[in-house]
Amino acid sequence: MEAEGRVPGPALPAGGEGPGADSHLAASALGTARGPLLAAAEVLALDDEEDDLEVFSKDTSLTEVNSFSPSVPISPSSMINQYKFEDGPELRDLFITVDDPESHVTAIETFITYRVVTKTTRGEFDSSEYEVRRRYQDFLWLKSKLEEAHPTLIIPPLPEKFIMKGMVERFSDEFIETRRKALHKFLNRIADHPTLTFNEDFKIFLTAQAWELASHKKQGPGLLSRMGQTVRAVASSVRGAVKNRPEMFTEMNNYMETFSQKINLLDKIAHRIYKEERDYCNEMKEYGPIHTLWSASEEDIADSLKGIAGCIDRCCRATEKRMAGLSEHLLPIMHEYILYSDILMGVLKRRDQIQGDLDSKVDALANKKTEKDLFSEEIGKLEDKVERANNALKADWDRWKQNMQWDMRSTFTNVAENNLRYYEE
Amino acid sequence: MEDCLAKKMEITVSEAEKRTGRNAMNIQETYTAYLIETRAVESQSEGQCAPVESLWRRYSEFELLRNYLTVTYPHIVVPPLPEKRADFVWHKLSADNMDPDFVERRRIGLENFLLRVASHPVLCQDKIFYAFLMQEGGWKEMVNETGFQLKADSRLKALNATFRVKNPDKRFTELKHYSDELQSVISHLLRVRARVADRLYGVYKVHGNYGRVFSEWSAIEKEMGDGLQSAGHHMDVYAASIDDILEEEEHYADQLKEYLFYAEALRAVCRKHELMQYDLEMAAQDLTSKKQQCEELATGTVRTFSLKGMTSKLFGQETPEQREAKIKILEEQIQEGEEQLKSKNLEGRDFVKSAWADIERFKEQKNHDLKEALISYAVMQISMCKKGIQVWTNAKECFSKM
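Those sequence lines, one after another, are chains A and B.
Heads up: the first sequence at position 356 corresponds to 356 in UniProt numbering, and the numbers run straight through without jumps.
Heads up: the second sequence at position 58 corresponds to 58 in UniProt numbering, and the numbers run straight through without jumps.
Careful, some of the hints might be misleading.
[Unchecked claim] The calculated DMTMM-like cross-link candidates involving lysine to aspartate or glutamate, where the alpha carbons are at most 25 angstroms apart (straight line), are: (1) B:Lys386 x A:Glu257; (2) B:Lys386 x A:Glu298; (3) B:Lys176 x A:Asp303; (4) B:Lys127 x B:Asp101; (5) A:Lys321 x B:Asp198; (6) B:Lys363 x A:Glu299; (7) B:Lys290 x B:Asp243; (8) B:Lys170 x A:Glu160; (9) B:Lys371 x B:Asp236; (10) B:Lys257 x A:Glu257; (11) B:Lys205 x A:Glu298; (12) B:Lys222 x B:Asp198; (13) B:Lys151 x B:Glu10; (14) B:Lys257 x A:Glu299; (15) A:Lys275 x A:Glu328; (16) B:Lys396 x A:Glu283; (17) A:Lys285 x A:Glu251; (18) B:Lys291 x B:Asp279; (19) B:Lys205 x A:Asp303; (20) B:Lys140 x B:Glu111; (21) B:Lys205 x A:Glu283; (22) B:Lys371 x A:Asp279; (23) A:Lys143 x A:Glu257; (24) B:Lys342 x B:Glu331; (25) A:Lys268 x B:Glu336; (26) B:Lys342 x B:Asp243; (27) B:Lys257 x A:Glu328; (28) B:Lys396 x B:Asp180; (29) B:Lys257 x B:Glu339; (30) A:Lys275 x B:Glu331; (31) B:Lys127 x B:Glu145; (32) A:Lys268 x B:Glu249; (33) B:Lys342 x B:Asp169; (34) B:Lys205 x A:Glu160; (35) A:Lys285 x B:Asp87; (36) B:Lys363 x A:Glu298; (37) B:Lys386 x A:Glu283.
These aren't lab readings, by the way, just hints derived from the structure by calculation.
What you are looking at is a predicted structure, and each value in this text was computed from that prediction instead of being measured.
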């Protein structure tokens, strides 16, 4: 299972040592498992059809190709279909919005559905516009299907089921709005993802009517098989650290640990700042009127005092704007990336698990020379799996980092701008 | 203000020093002494400077001086001293009298006090004040010798007068109301300002955490690393900038405090007026009743109910000699009383006149000072915003390079 001087993936930050496999299938995967800014020219033969986005490949387990331009950046502040394009606007052919939350009451429960509107020019979609209603459970279902299908791809985070800390009630307007925004982002990130966007379940999610979706959900691997997966996952984690983990992934792991730590800190800081600003604003609200009161007993300086009172009020309003900016931009992003770091850790674990499977089979092989043939085929398959998983992860990782960078950059720039505006006022 | 002391002399309180010594009760204590330096300002020829005279005083001596001035010049609004203990502190400032920042601010306050007294047309001419500045030894005795403590009105007496006075000058009543309002509004303002300062401090300082986390984060990033690192540096600058800003604001707060204490001085003048007026009213009342008594005795008619009348009815009339004697005494008293009343009236009118003149002067000074203070506050705020703009512009640049 040695890598045979395989085609390297040059732009990988960790200078990856592409775990090679000789499978012809891998050939399609590797060469393009690169950093994002790769032109479409790198597409290998097998992927000709992939070039044309109109083609929908059902065999997602085999193809992990990212042949085109990457991170179409998502502007965090877009509520409607306004996306800033970095390059390749012509590549965006799927527009999704999530809006119009409505509450439904049944005998058993009350829940909220959201309207999901999809506009697309893709061929495999029967029509160019779809409108469906989905509830949070449906989103959860979609997410788990995606995770199943692509264990080592980075699936975007969903908003949490409910908020533990805060005073936010399950059905308060604020909560619903925050969730709606997050769901909107979730779907759009999937749509942007070069591979996930072609996932069948995703398509069904966007297009099927409620009853269709319900019946579709019932198919597919049932509860038992999912349980089986979980058991294996636990078993493999008990096995301990994977011995053959390529260095790149160890680095990733370390990076994620630190990153997660830092993001958590930043989130706390951002919340703290928000709180302090709010307290400051409250005090200022008292500060202004005192001056007006004073001006009532003065003659000469009454005007100056009134002037100051007016300015203090404006300061107050400016502070409120600043706070709003924070809560709209910075706080949600921080939160998202906290979730992301959890997801990534999960992804890394799964990759390890796959690798673990491979390794254990290899060990088994060493002990059972007689069944070598049988095994080697299995091993071959597993190696493929590992390699594909690794590549998928690598590629997605790069993409994710690029996205993250962009997000961070734009978010903090936003914060800075807000502050500037505040001071200018 | 032509020949007030301030024009003739430079006065500064230039240093503060911690001392230990034994106080009146022979207990060891630590206190701060302040160095007062004075130098005559004359038309100086090139390169020649008048010699600097200096002496040390402690806060309690300042207090003694001020007490003396308030008793000796009750019609003057005497400038207040800086606060004895730190009030209206926000959490970073300590309320400790020995804290260097507090001592420093007090030093400035004391200097301000001396300058105000020296620029006052009446107060600057006082000998005791002059001696305070120039004569180190024996000053305390000198002050005590003036016996001013005896002249001081008792608090109780003053309170009594405030309640009972019937006809105070309307202007003083208004002034009293004004000074009450001023005091309450300024102290409210200072309290809220302290809270605002606290919060602002919090906002800035928390941003400092960004600096630390950014720099740690930049260690694991490749492309974002530089941007993060330099942005973090700017966050630190931002967080640190609040210290200077708030220190400057402290100065503004001190200016407001001065006028808070001035309100008290205003009230003291009003009280003195009320006291004098009450005295006057009492004296007039006394005189009237004596005159009445005299008349009664002379004419034998009892116009009003009096104990004397009753007893004389019960125990018999007095002899004419007794009556004559009484009338004589009363007439003397009446005479005295009328003179006293006249002089009191005069005193009262003089007081009102001179007090009101000083009050006008004070009002002008107050308006001028407060306006300046408010303007400088606004300027401070603007500069704070400018600094903020600078920091965030820099930070923004760093962020965009991430």
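Here is what the structure says about each hint:
no., hint, result
1, B:Lys386 x A:Glu257, "violated, 39 angstroms"
2, B:Lys386 x A:Glu298, "violated, 31 angstroms"
3, B:Lys176 x A:Asp303, "holds, 23 angstroms"
4, B:Lys127 x B:Asp101, "violated, 33 angstroms"
5, A:Lys321 x B:Asp198, "holds, 21 angstroms"
6, B:Lys363 x A:Glu299, "holds, 10 angstroms"
7, B:Lys290 x B:Asp243, "violated, 70 angstroms"
8, B:Lys170 x A:Glu160, "violated, 71 angstroms"
9, B:Lys371 x B:Asp236, "violated, 35 angstroms"
10, B:Lys257 x A:Glu257, "violated, 54 angstroms"
11, B:Lys205 x A:Glu298, "violated, 37 angstroms"
12, B:Lys222 x B:Asp198, "violated, 38 angstroms"
13, B:Lys151 x B:Glu10, "violated, 32 angstroms"
14, B:Lys257 x A:Glu299, "holds, 20 angstroms"
15, A:Lys275 x A:Glu328, "holds, 14 angstroms"
16, B:Lys396 x A:Glu283, "violated, 28 angstroms"
17, A:Lys285 x A:Glu251, "violated, 50 angstroms"
18, B:Lys291 x B:Asp279, "holds, 18 angstroms"
19, B:Lys205 x A:Asp303, "violated, 34 angstroms"
20, B:Lys140 x B:Glu111, "holds, 20 angstroms"
21, B:Lys205 x A:Glu283, "holds, 18 angstroms"
22, B:Lys371 x A:Asp279, "violated, 29 angstroms"
23, A:Lys143 x A:Glu257, "holds, 23 angstroms"
24, B:Lys342 x B:Glu331, "holds, 16 angstroms"
25, A:Lys268 x B:Glu336, "violated, 83 angstroms"
26, B:Lys342 x B:Asp243, "violated, 61 angstroms"
27, B:Lys257 x A:Glu328, "violated, 41 angstroms"
28, B:Lys396 x B:Asp180, "violated, 49 angstroms"
29, B:Lys257 x B:Glu339, "violated, 44 angstroms"
30, A:Lys275 x B:Glu331, "violated, 80 angstroms"
31, B:Lys127 x B:Glu145, "holds, 13 angstroms"
32, A:Lys268 x B:Glu249, "violated, 30 angstroms"
33, B:Lys342 x B:Asp169, "holds, 18 angstroms"
34, B:Lys205 x A:Glu160, "violated, 31 angstroms"
35, A:Lys285 x B:Asp87, "holds, 23 angstroms"
36, B:Lys363 x A:Glu298, "holds, 10 angstroms"
37, B:Lys386 x A:Glu283, "holds, 22 angstroms"
Of the numbered hints given earlier, the model fails hints 1, 2, 4, 7, 8, 9, 10, 11, 12, 13, 16, 17, 19, 22, 25, 26, 27, 28, 29, 30, 32, 34; all others are met.
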